[in-house]
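Those sequence lines, one after another, are chains A and B.
Under the working numbering, the first residue of the first sequence is numbered 433, with each subsequent residue one higher.
Under the working numbering, the first residue of the second sequence is numbered 77, with each subsequent residue one higher.
Because the hints were derived from the structure by calculation, they are not lab data.
On a predicted model such as this, the values are computed, not experimentally measured, just so you know.
Possibly wrong hints are sitting among the right ones.
As the list claims (entries may be wrong) - Covered by chain A, per the in silico footprint, the following chain B stretches (three or more residues, Cβ under 8 Å): (1) 113-119; (2) 123-135.
What the hints assert, rightly or not - So, partial list: chain A residues that the calculated Cβ filter (under 8 Å) puts toward chain B: (3) Ile712; (4) Lys716; (5) Leu717; (6) Arg720.
Stated by the list, open to error - Label-pair ranges, simulated between beta-carbon atoms: (7) Leu717/A with Asp138/B: 42 to 50 Å; (8) Pro667/A with Lys203/B: 20 to 28 Å; (9) Gly106/B with Pro667/A: 47 to 55 Å; (10) Gly106/B with Leu717/A: 51 to 59 Å; (11) Lys716/A with Gly106/B: 52 to 60 Å.
Using N, Cα and C, we set each Cβ at its ideal position, and we do this for glycine too.
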Amino acid sequence: MDTLDLLAGGFADAFTPQLLLYAAIGVLLGTFVGVLPGIGPAMAVALLLPITYGLDVTESMVIFAGIYYGGMYGGSTTSILLNTPGESASVMTAIEGNQMAKRGRAAQALATAAIGSFIAGTIGTLLVAFFTPALADQAVKVGAPSFFAIMLLSLVLVTSVLGESKIRGFAGLFIGLTIGLIGMDDSTAQARLTFGTLELADGIGIVIVAVGVFAMGEALWTAAHLRRRPVDVIPTGRPFLGREDWRRSAGPWLRGTALGFPFGAVPAGGAETPTFLSYITERKLAARKGGNADEFGDGAIEGVAGPEAANNASAAGMFVPLLALGLPVTATASILLAALTSYGIVPGPTLMDDQPDLVWTLLASLLIGNTLLLVINLPMAPLWARLLRIPRPQLYAGILFFASLGAYSVANDPFDLALLLVFGGIGFAIRRFGIPVLPLILGVILGPLMEVKLREALDLSSGELSGLFSEGLAIVIYVLIVIALVGPIVLGRFRTPQDAKEEVSA
Amino acid sequence: MTVLVGYIPDQYGEAALAAGIEEAKRRGTGLLVLNASRGDALVDKRFLGDAQRGDLEQRLADSGVAHEVRQSVGVDPADDLVEAARGADDPVIVIGMRHRSPVGKLVMGSTAQRILLDAPCWVIAVKP
Numbered sequence: 433m434d435t436l437d438l439l440a441g442g443f444a445d446a447f448t449p450q451l452l453l454y455a456a457i458g459v460l461l462g463t464f465v466g467v468l469p470g471i472g473p474a475m476a477v478a479l480l481l482p483i484t485y486g487l488d489v490t491e492s493m494v495i496f497a498g499i500y501y502g503g504m505y506g507g508s509t510t511s512i513l514l515n516t517p518g519e520s521a522s523v524m525t526a527i528e529g530n531q532m533a534k535r536g537r538a539a540q541a542l543a544t545a546a547i548g549s550f551i552a553g554t555i556g557t558l559l560v561a562f563f564t565p566a567l568a569d570q571a572v573k574v575g576a577p578s579f580f581a582i583m584l585l586s587l588v589l590v591t592s593v594l595g596e597s598k599i600r601g602f603a604g605l606f607i608g609l610t611i612g613l614i615g616m617d618d619s620t621a622q623a624r625l626t627f628g629t630l631e632l633a634d635g636i637g638i639v640i641v642a643v644g645v646f647a648m649g650e651a652l653w654t655a656a657h658l659r660r661r662p663v664d665v666i667p668t669g670r671p672f673l674g675r676e677d678w679r680r681s682a683g684p685w686l687r688g689t690a691l692g693f694p695f696g697a698v699p700a701g702g703a704e705t706p707t708f709l710s711y712i713t714e715r716k717l718a719a720r721k722g723g724n725a726d727e728f729g730d731g732a733i734e735g736v737a738g739p740e741a742a743n744n745a746s747a748a749g750m751f752v753p754l755l756a757l758g759l760p761v762t763a764t765a766s767i768l769l770a771a772l773t774s775y776g777i778v779p780g781p782t783l784m785d786d787q788p789d790l791v792w793t794l795l796a797s798l799l800i801g802n803t804l805l806l807v808i809n810l811p812m813a814p815l816w817a818r819l820l821r822i823p824r825p826q827l828y829a830g831i832l833f834f835a836s837l838g839a840y841s842v843a844n845d846p847f848d849l850a851l852l853l854v855f856g857g858i859g860f861a862i863r864r865f866g867i868p869v870l871p872l873i874l875g876v877i878l879g880p881l882m883e884v885k886l887r888e889a890l891d892l893s894s895g896e897l898s899g900l901f902s903e904g905l906a907i908v909i910y911v912l913i914v915i916a917l918v919g920p921i922v923l924g925r926f927r928t929p930q931d932a933k934e935e936v937s938a
Numbered sequence: 077m078t079v080l081v082g083y084i085p086d087q088y089g090e091a092a093l094a095a096g097i098e099e100a101k102r103r104g105t106g107l108l109v110l111n112a113s114r115g116d117a118l119v120d121k122r123f124l125g126d127a128q129r130g131d132l133e134q135r136l137a138d139s140g141v142a143h144e145v146r147q148s149v150g151v152d153p154a155d156d157l158v159e160a161a162r163g164a165d166d167p168v169i170v171i172g173m174r175h176r177s178p179v180g181k182l183v184m185g186s187t188a189q190r191i192l193l194d195a196p197c198w199v200i201a202v203k204p
């Protein structure tokens, strides 16, 4: 019951007019960027990083968290009305959602997505509140060798398990790790990869990397594909659900939440896997029941409700490793981590004890923001669809303006603008060559943290490599890493062609 | 094909289309319906979707005039019409006119004005 008291305290702090306003701004901005394809919460948070200079840590965290939840929700609107997923986690929603819309059930699809997001987000955030303190208590006891191993596991999982191409994933990871290396080495004061430039000696600010890769890169990419045939948008009214829809959605909402939360919480990051699993589950369940099986592929409401709930539950799950371990598992989480660091707060197992007010107010604000999302989005869905008519030149000009402003404001140094262009070029190149962004940005952020832990572990064992294996947990995690790397290869070898065929049809 | 209609799916486009069909009948020539989008936004409600295009073709077929519908992306609608008129033999352009305030014209520009000034042929401007 301790947790509930703390959460109630958080609510008391969060119910100030100012924080409520920030939460509302956050979810509105989040929905805005979520609706527009190509612009996601990670880019929005990166562009807004400079506001951390003016706001205190709780206020900016409330805005950022609102953007994150809002972005997750906004993606579903585009998926349903345009069949163009606003972000990768909405791909599954698009399959059934767009079919529903084509059959004149857009309002119901939007409603089940909004209410499912609300339910999953609320349950997910409550689970975060209950799990995080317990995990943090355990995590304090974890030593440097195990911490290093956990970060390594997270990088390996994100790189090799997600995405179609391991080579591309690792290419992204190593680009990121290299960027993270730039600057002065903390323990030997050696300059690394600075090419004799004084400006690079302090390392590269995460704001510049994030804004360059997300905003600048996307803007250049869009400029290269500026004119495209407009897509058909399906007109919709105010979302609502009939009694039958409520009955059919309830199960998928809860099952989606149950699938999404654990996937969000483990460092295998991302909502793609749980949304996919949720979709498959709902389809199999429908087939077993018989009745609605035929509807799958033609707009079954279960196929929208389940994945959309899984999507938001995993978005909430992401906060568990972030708050308990200081470990980001998504691109947005890694930028949130950078924002926390810029306040001089050390994210990690001690965060719960050092900054209890921040954590509990943040969690309470998430719950409030989630409710605001439902209230705002149900009546405003047709309005959000109108955003899609914004011409790209104007939209991206605005983004570039904020990107340059943000990069310049870090140190008032024109050199940073040149760096921004370089990272914009890298961002364009990784899009061109299909290299995933997530391993890159995790490499930039986790790389230096890993190095610190690696040094600590090696110092303890006075340089002996065996020091890395001195803890039981570390060994278990290394075994997991080997399984994650070798498992798919071995399985692929033993799998008969028949199994492979089954997977395709599923 | 000498009557060119600049068509968008709203009342102005409809007015132009109706006048264009009448003009084609009067002249005893064919009708070329142009629908263009700059293609720089994800959604452009002035660009015909597949369903709308099907409707339009049906209505043109019902009118009994020889017709063609041409959609282009990535061009300015005014340039599209003027270019088509330059390429055509003895053309006439039919467009719908809307009211724009001076400020609106400054911000949005005026497709109608550019067609009126640049066209190499007669332009029939109709009001809904």
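Now the hints, each set against the structure:
For the stretch 113-119 of chain B, the stated coverage by chain A holds: 7 residues have a C-beta nearer than 8 Å to a C-beta of that chain, and at least 3 were required. Taking a C-beta to C-beta cut-off of 8 Å, the stretch 123-135 of chain B contributes 4 residues in contact with chain A, enough for the three needed, and the coverage statement holds. For Ile712/A, the interface hint is violated, the least distance from its beta-carbon to any beta-carbon of chain B being 30 Å, above 8 Å. Annotation: Lys716/A was flagged as interfacial toward chain B, and the flag is violated, the nearest CB pair being 33 Å apart, outside 8 Å.
Among the interface hints, the one on Leu717/A is violated; its C-beta lies about 34 Å from the nearest C-beta in chain B, farther than the 8 Å criterion. Interface restraint check for Arg720/A: the shortest CB-CB distance to chain B comes to about 36 Å, outside 8 Å, so the restraint is violated. Judged by the Cβ atoms, the range 42 to 50 Å given for Leu717/A and Asp138/B holds: they are separated by roughly 49 Å. Distance hint check for Pro667/A and Lys203/B: the Cβ-Cβ separation is about 27 Å, which falls inside the suggested range of 20 to 28 Å.
Distance hint check for Gly106/B and Pro667/A: the Cβ-Cβ separation is about 33 Å, which falls outside the suggested range of 47 to 55 Å. Against the hinted window of 51 to 59 Å, the Cβ-Cβ separation of Gly106/B and Leu717/A comes to about 57 Å, which satisfies the hint. A beta carbon spacing of about 56 Å between Lys716/A and Gly106/B agrees with the range 52 to 60 Å that was offered as a hint.
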